[in-house]
Amino acid sequence: MDNWFKSKWFVRFAALAFAIVLYVFVDIDVNSTGADSNLPGRSSETQQFDDVPVQIKIDSENYVVTGVPEYVSVTLSGSPSTLRPIVLQRNFDVYVDLEGLEEGEHTVEIKHDITDELEVFIEPKTIDIYIEERATEQFEISAEFFNQDKLPQGYELGEFEITPSEVTITSSRRIIDGIGVVKVFVDLTGLEESINNREVPVNVYDSQGNELNVRIEPETVVVSAEINNPSKTVSLNIPTTGELPEGYSLTSLSANVEEVEAFAVSNVLEGIEMISTEEINLSEITETGTLEVDLSLPEGVNVPDVETIEVMIELEQTLTFEGLPIEVDGIQDGQAVTFLEPEDEGMDITAVGNEIEIRELTNEDFRISINVEGLDPGEYMLPVEIEGPDLEEAVITPEYDEIRVQID
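Counted the way this note's numbering counts, the sequence shown spans residues -2 to 405.
Keep in mind that a hint or two might mislead.
Unchecked claim - Taking lysine-lysine and the BS3-like style, the derived pairs with C-alpha atoms no more than 25 Å apart in a straight line are:
(1) K147 - K180
(2) K147 - K229
(3) K122 - K54
(4) K108 - K122
(5) K108 - K54
Stated by the list, open to error - So the derived label-pair ranges between C-beta atoms look like this:
(6) L247 - D387: 18 to 28 Å
(7) P301 - T359: 47 to 57 Å
(8) S221 - Y68: 34 to 44 Å
(9) M309 - S162: 54 to 64 Å
(10) Y68 - E190: 40 to 50 Å
(11) Q150 - E102: 49 to 59 Å
(12) E340 - M309: 45 to 55 Å
(13) E196 - M309: 50 to 60 Å
(14) E296 - T359: 44 to 54 Å
(15) D345 - L247: 18 to 28 Å
Don't read these hints as lab results, they were simulated from the structure. A virtual CB, placed ideally from N, CA and C, is assigned to each residue, including glycine.
Please take these sequences and the hints and turn them into a complete structure.
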């Protein structure tokens, strides 16, 4: 045995035999793998697409079609080497071929241009469609401004403009004839400024209010609209309630402003001729002075520049000073003066005037007298003289203008 290993021919032969065995083993393994890859379930992959757009082949100059779904579901199955590039590139189309079909209802198959090396499953496989004559017309656009009640108080929609004022609509003759209104919607919530060049989509509805799926050119238009805050200047009214306490009369009631600017929507503003303050209760007023009063605003009216009104109240007060003594001036020694009418040697006086000027007067501020100087004995009617403060806005009236006396 040792001699065999020492022989170079034996070694060469053994090496050759080992190489042959190794080659056979590798070849068998590779063929076995190749054979496995051809077995069902071992080499196939599946991919599903749920949003494949459907192309339409039709004489679009003369016809339109309804019933074709916008998207379909497509499932592909096949070898990875064929499927994966298609999945990555998505370079296939799904379509319906309607060329050559007449107007009316048809059931058609949804087709594809995917290689025959893959199995293709389309859901739905067939569809019911309706081919109609194509029609194109122009329609005037109307505008619906909603949430006008959510504009700030006193604001309203004014004039508006839609550019362009018309759109071109293309669909079947049946649908075109059934169009009820073409309009845009504009939300006015909270707006205090005008709308300038707002782009809005155009919507098309039939006479029952159902939205129609048609071709619109252009699909959007530009809307500009005035948002107004109307106002007008009106007179200020100062209402009163109750009566002044006894002894007082109202000589003047005025405010620091004669007019105010009122803001409201037009239909409310038309009925506003004046704005009033809150009522002033005269029964609580006993002094000339100034009051701050709030405005009493009608619903929907606002006067933003005025928070309160200053009301100047001027009162005339009547005060009676009772039992003032009547003094006799100029009496000579030995003379006696007897009061005949009135018999009392006293009388009342009344002060009527500005409440500020007379409110602090008392009996001590006045002196009432008659003058008998140089008169001989006898009966006389003598004028009453009143002395007191120099009053600019008050009148002092005695109870009697003259006194009948007897001088002895």
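Violations among the numbered hints: none
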